[in-house]
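S.K.: Using the sequences provided together with the hints, build the complete structure.
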Amino acid sequence: MERTQISLTSDQMRRLRAEARRRRVPIAAVVRDAVDRVVPIDPGDRRARFERALTAVGRFDSGAGDVAARHDEIAGDTDW
Amino acid sequence: MTRIFVDTSALLTLLDRADPRHQTARATYERLGDAELVTHGFIVAEALAVARRRFGVDGAIALLDDLLPAIEIHAVDNAVQTAAIARYRAALPSGTSFVDMVSLEFMARETIDTAFVFDTDFATAGIEVMPG
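Order-wise, the sequence lines are chains A and B. Here the first sequence stands for residues 0 to 79, where the numbers follow numbering that gives the first Met the number 0. Here the second sequence stands for residues 0 to 131, where the numbers follow numbering that gives the first Met the number 0.
Check each hint, because a few of them may be wrong.
Unchecked claim - In silico contact screen, one side only, chain B against chain A (beta carbon under 7 Å); selected entries:
1. A17
2. V49
3. F97
4. R108
As the list claims (entries may be wrong) - For each label pair, taking beta carbons as the anchor points, the in silico distance ranges come out as:
5. B:P92 - A:T54: 39 to 47 Å
6. A:R23 - B:G131: 24 to 32 Å
7. A:V37 - B:D33: 16 to 24 Å
8. A:G64 - B:R30: 19 to 27 Å
9. A:D76 - B:G131: 28 to 36 Å
10. B:V56 - A:V34: 34 to 42 Å
11. B:L91 - A:Q11: 26 to 34 Å
12. B:G55 - A:R46: 25 to 33 Å
13. B:P19 - A:R46: 24 to 32 Å
14. A:T54 - B:T119: 27 to 35 Å
15. B:R88 - A:Q4: 33 to 41 Å
16. B:D112 - A:D76: 31 to 39 Å
17. A:V37 - B:D112: 39 to 47 Å
18. B:T119 - A:Q4: 39 to 47 Å
Don't read these hints as lab results, they were simulated from the structure. Glycine is no exception: its CB is placed at the ideal position from the N, C-alpha and C atoms.
M.R.: This is how it looks when you write it as structure tokens:
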């Protein structure tokens, strides 16, 4: 995370606080969400990451096919 | 842009072609190319632990280098963690995991109403799930 300082009008600050209270999140979380909506991640970059993720889909064969179904149990037996 | 929460069960089902729900997971994921995929750090920790255990180092690498970069990963803040602990304590007999409680609280606070998940606890909690 990078830190920055911004100036807002009193009305913007009032609305920001109200939204943070409504969501029950920090004000910074509302600001980050607003930034993502106004300046979204470049669609080309997003598509490239999506396509790369697809290359991992089906890459492994657990044999039993029960890894996802039993993930709570497996996680409990695992060193984190 | 639609925001979709991604659960551990979806990540592992995507990786594992032996999973009977793998093709359903793949088809669901392929429909999410224009969605904003979101998860949190506890899911990453859980998925990495299980993938490392069952698929080896390559499984963890596949998550870290390929699957996870396509997902926005949020830190679990104090408010979410505290509320999740209370949820977990209150629902302890239900068997719902603590990580699931964190996910439900996280989704509520981020106003995300749909999850890519293979875990009935989400639908039981009133979350819209994909695949349906």
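S.K.: Determine for every hint whether it applies to the structure shown.
M.R.: Cross-check of the supplied hints:
no.: 1; hint: A17; in the structure: 4 Å, holds
no.: 2; hint: V49; in the structure: 5 Å, holds
no.: 3; hint: F97; in the structure: 10 Å, violated
no.: 4; hint: R108; in the structure: 5 Å, holds
no.: 5; hint: B:P92 - A:T54: 39 to 47 Å; in the structure: 42 Å, holds
no.: 6; hint: A:R23 - B:G131: 24 to 32 Å; in the structure: 28 Å, holds
no.: 7; hint: A:V37 - B:D33: 16 to 24 Å; in the structure: 18 Å, holds
no.: 8; hint: A:G64 - B:R30: 19 to 27 Å; in the structure: 22 Å, holds
no.: 9; hint: A:D76 - B:G131: 28 to 36 Å; in the structure: 31 Å, holds
no.: 10; hint: B:V56 - A:V34: 34 to 42 Å; in the structure: 36 Å, holds
no.: 11; hint: B:L91 - A:Q11: 26 to 34 Å; in the structure: 43 Å, violated
no.: 12; hint: B:G55 - A:R46: 25 to 33 Å; in the structure: 29 Å, holds
no.: 13; hint: B:P19 - A:R46: 24 to 32 Å; in the structure: 30 Å, holds
no.: 14; hint: A:T54 - B:T119: 27 to 35 Å; in the structure: 30 Å, holds
no.: 15; hint: B:R88 - A:Q4: 33 to 41 Å; in the structure: 39 Å, holds
no.: 16; hint: B:D112 - A:D76: 31 to 39 Å; in the structure: 33 Å, holds
no.: 17; hint: A:V37 - B:D112: 39 to 47 Å; in the structure: 22 Å, violated
no.: 18; hint: B:T119 - A:Q4: 39 to 47 Å; in the structure: 46 Å, holds
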